[in-house]
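Protein chains in written order, with our numbering: chain A, 1 to 238; chain B, 1 to 335.
Take these hints with a grain of salt, some might be off.
Sample of chain B residues at the chain A side, in silico, Cβ under 8 Å [as the list claims (entries may be wrong)]: (1) Asp-177; (2) Met-202; (3) Arg-205; (4) Ala-206; (5) Phe-209; (6) Asn-210; (7) Ser-213; (8) Leu-216; (9) Met-217; (10) Gly-218; (11) Ile-326; (12) Gly-328.
Quick caveat, the hints were computed from the structure, so don't treat them as lab data. All C-beta atoms, glycine included, are put in the ideal place defined by N, C-alpha and C.
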Amino acid sequence: MPLLEVRDLCVKYGAIPALHGLSLSVEAGQIVTLIGCNGAGKTTTLRTISGLLRPSGGSITFNGAPIHTLSTDGIVRLGIAQAPEGRGIFGNLTVDENLSLGAFARRDRAGIAKDREWALQLFPRLRERLRQNAGTLSGGEQQMLAIARSVLARPRLLLLDEPSLGLAPQIVQTIFHIIRTIREERGTTILLVEQNAHMALHTADYAYVLEVGRIAMHGPAARLAASDAVRKAYLGVA
Amino acid sequence: MADLLQILTMAVTVGSLYALIALGYTMVYGILKFINFAHSDVVVLGAWGSFFFAAALLPRMGFGTPLPWWAGGMALLFAMALCGLTGFLIERFAYRPLRGAPRLNVLITAIGVSLFLQNAGQLQFTLVRGDDTAQPPAPALRLPFGTQPQRMPTLLPDQDLLVIGEGQSTARLGSLDVVIIATALALMVLLDLLVRRTKFGMAMRAVSFNTDSAALMGVPVNRVISMTFVLGAVLAAAAGFLYVLKFPTVQQTAHPTWVLVGLKAFVAAVVGGIGNLRGAVLGGFLIAFAEQFGESYLQKYLGSGLKDVYVFSALILVLLVRPTGILGSPLREKV
Ligand SMILES: Nc1ncnc2c1ncn2[C@@H]1O[C@H](COP(=O)(O)OP(=O)(O)O)[C@@H](O)[C@H]1O
Ligand SMILES: [Mg+2]
Numbered sequence: 001m002p003l004l005e006v007r008d009l010c011v012k013y014g015a016i017p018a019l020h021g022l023s024l025s026v027e028a029g030q031i032v033t034l035i036g037c038n039g040a041g042k043t044t045t046l047r048t049i050s051g052l053l054r055p056s057g058g059s060i061t062f063n064g065a066p067i068h069t070l071s072t073d074g075i076v077r078l079g080i081a082q083a084p085e086g087r088g089i090f091g092n093l094t095v096d097e098n099l100s101l102g103a104f105a106r107r108d109r110a111g112i113a114k115d116r117e118w119a120l121q122l123f124p125r126l127r128e129r130l131r132q133n134a135g136t137l138s139g140g141e142q143q144m145l146a147i148a149r150s151v152l153a154r155p156r157l158l159l160l161d162e163p164s165l166g167l168a169p170q171i172v173q174t175i176f177h178i179i180r181t182i183r184e185e186r187g188t189t190i191l192l193v194e195q196n197a198h199m200a201l202h203t204a205d206y207a208y209v210l211e212v213g214r215i216a217m218h219g220p221a222a223r224l225a226a227s228d229a230v231r232k233a234y235l236g237v238a
Numbered sequence: 001m002a003d004l005l006q007i008l009t010m011a012v013t014v015g016s017l018y019a020l021i022a023l024g025y026t027m028v029y030g031i032l033k034f035i036n037f038a039h040s041d042v043v044v045l046g047a048w049g050s051f052f053f054a055a056a057l058l059p060r061m062g063f064g065t066p067l068p069w070w071a072g073g074m075a076l077l078f079a080m081a082l083c084g085l086t087g088f089l090i091e092r093f094a095y096r097p098l099r100g101a102p103r104l105n106v107l108i109t110a111i112g113v114s115l116f117l118q119n120a121g122q123l124q125f126t127l128v129r130g131d132d133t134a135q136p137p138a139p140a141l142r143l144p145f146g147t148q149p150q151r152m153p154t155l156l157p158d159q160d161l162l163v164i165g166e167g168q169s170t171a172r173l174g175s176l177d178v179v180i181i182a183t184a185l186a187l188m189v190l191l192d193l194l195v196r197r198t199k200f201g202m203a204m205r206a207v208s209f210n211t212d213s214a215a216l217m218g219v220p221v222n223r224v225i226s227m228t229f230v231l232g233a234v235l236a237a238a239a240g241f242l243y244v245l246k247f248p249t250v251q252q253t254a255h256p257t258w259v260l261v262g263l264k265a266f267v268a269a270v271v272g273g274i275g276n277l278r279g280a281v282l283g284g285f286l287i288a289f290a291e292q293f294g295e296s297y298l299q300k301y302l303g304s305g306l307k308d309v310y311v312f313s314a315l316i317l318v319l320l321v322r323p324t325g326i327l328g329s330p331l332r333e334k335v
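One chain only, chain A, in its complex shape (with noise of 0.2 Å):
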């Protein structure tokens, strides 16, 4: 059984759908890639299994599970956390404040305490920063931290929404190598949405093509990258 399973999912804004009837599904452990064009509804996606958005059709199994009627707090704490697209952080308050935020559903002291370190471990930038506000933080390291929050989160499923949007070269390669490092380190399966489809594919197990609202691809990820038309469309090779 996948950990994440996605069934003809419809959702719509307003009157106008933005997916229609996309499924896939996450197994444990494993690293999946979402990728597509600006507007093909990738976010929409990872907001409506968070449950910031209703579905109008379809189901969303976590687990064996159903979670699309659930409150977003409610999926949380079923072990799903989110590293949202513009990465969502609190700039009024301290990062050491953010990264408690990421934990705000765990009760373990001992245990968040541990994830904390090895959060900063990964990233030693956030470390110098602590007492901060995270609103003066750069791009790069406003990412991280948004990273290290939802690690603190210590999820079964962690969503990362183009985590390398905006990004110098140099830094959108650490973000990489860190994602990897989670999946490594901790377990975690991760559900990577990425417009960078080059480097999604590289790092990714299996990996899905949205195509405006509807999965015209999928696969393991090191087939896709040589596949004819993944490489015309999406990795810019004539």
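Fit chain B with the ligands to the known structure of chain A by using the hints.
Positioned in the frame of chain A, the structure of chain B with the ligands alone reads:
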């Protein structure tokens, strides 16, 4: 000198009341980005709740005049509980169903809730019949709202703590003023600690910055919003209670006095920078100072009875210089 002290005392006393009320406006705005027009009516409920407790409930339970020493504190707690519950119900049944609706709809609903409270507050009916055969006879327990003003019983003696000057220009600092200022300040400090030092306060600040993102952290957003309304209403209750301690004529619920108190507290929140807690406190005192000092020092040039003019002039002046209020952050559209 004595004049100055007298005005200062009045300004600080009234200012702490405005500040308490302004906090409720600003907290709700900070989280939901709308003006809760029913907030001033919760202040009125706090005033009438205190009156009901002291003038009806206590006598019914056998505590006549003079009221026991703990009556004041208990009246405050009673009003807080009553208003806290009302604040909770208003949010739950009037505003929550409109979450995600256009702002205008919520605003109109708020005005509707306000009118409802004002008019429901003019009803009067008997809760428990009187019992003449009981010893001592138990008076009837009426919900004492109605359309006539009532006189708040004396809960605290107003002793002179300090008297300066004599004749025309005496200044006195009464124990009542001290109690009002101390209670208001204590509540403000508690709120500040709650917001800055507790996990709940952190969640509140997070929700006010970015609601969706807070939800993604596992913050139960609806519960935080409920609690925000309850907190605002509890502070409003305190303000209503302290107001009728100071000005013991309890006016009917739709009386212009109340409308003006609510409006000035709202002005205070805007002047301080709506959404900013410390701004609300600052604005409350600023408005009270403009009102009291304007009335006293400009009277000989402009005539008397212009208190409200000074308040709104202060509003216009501040907004001309700083459109977002003194401590307000520059306009940032919520994404
Ligand atoms: N808040 C919104 N209101 C209306 N339409 C929206 C909203 N957000 C996204 N859309 C539309 O839904 C479609 C999918 O958007 P989105 O999920 O953000 O795509 P992606 O993340 O793949 O770029 C787009 O056509 C977009 O214009
Ligand atoms: Mg997107």
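How the hints compare with the structure:
1. Asp-177: It is violated, given that the least Cβ distance between Asp-177(B) and chain A is near 36 Å, above 8 Å.
2. Met-202: holds (6 Å)
3. Arg-205: holds (6 Å)
4. Ala-206: holds (5 Å)
5. Phe-209: At 5 Å from the nearest chain A Cβ, Phe-209(B) passes the 8 Å test, so the hint holds.
6. Asn-210: Since chain A brings a Cβ to about 6 Å from Asn-210(B), closer than 8 Å, the hint holds.
7. Ser-213: Given a least distance of 3 Å, the restraint on Ser-213(B) holds.
8. Leu-216: holds (5 Å)
9. Met-217: Where the cut-off is 8 Å and the nearest Cβ of chain A is about 4 Å from Met-217(B), the hint holds.
10. Gly-218: holds (3 Å)
11. Ile-326: Nearest chain A Cβ about 17 Å off; hint violated.
12. Gly-328: Result: violated, 13 Å to nearest chain A Cβ.
The earlier numbered hints that this structure contradicts are 1, 11 and 12.
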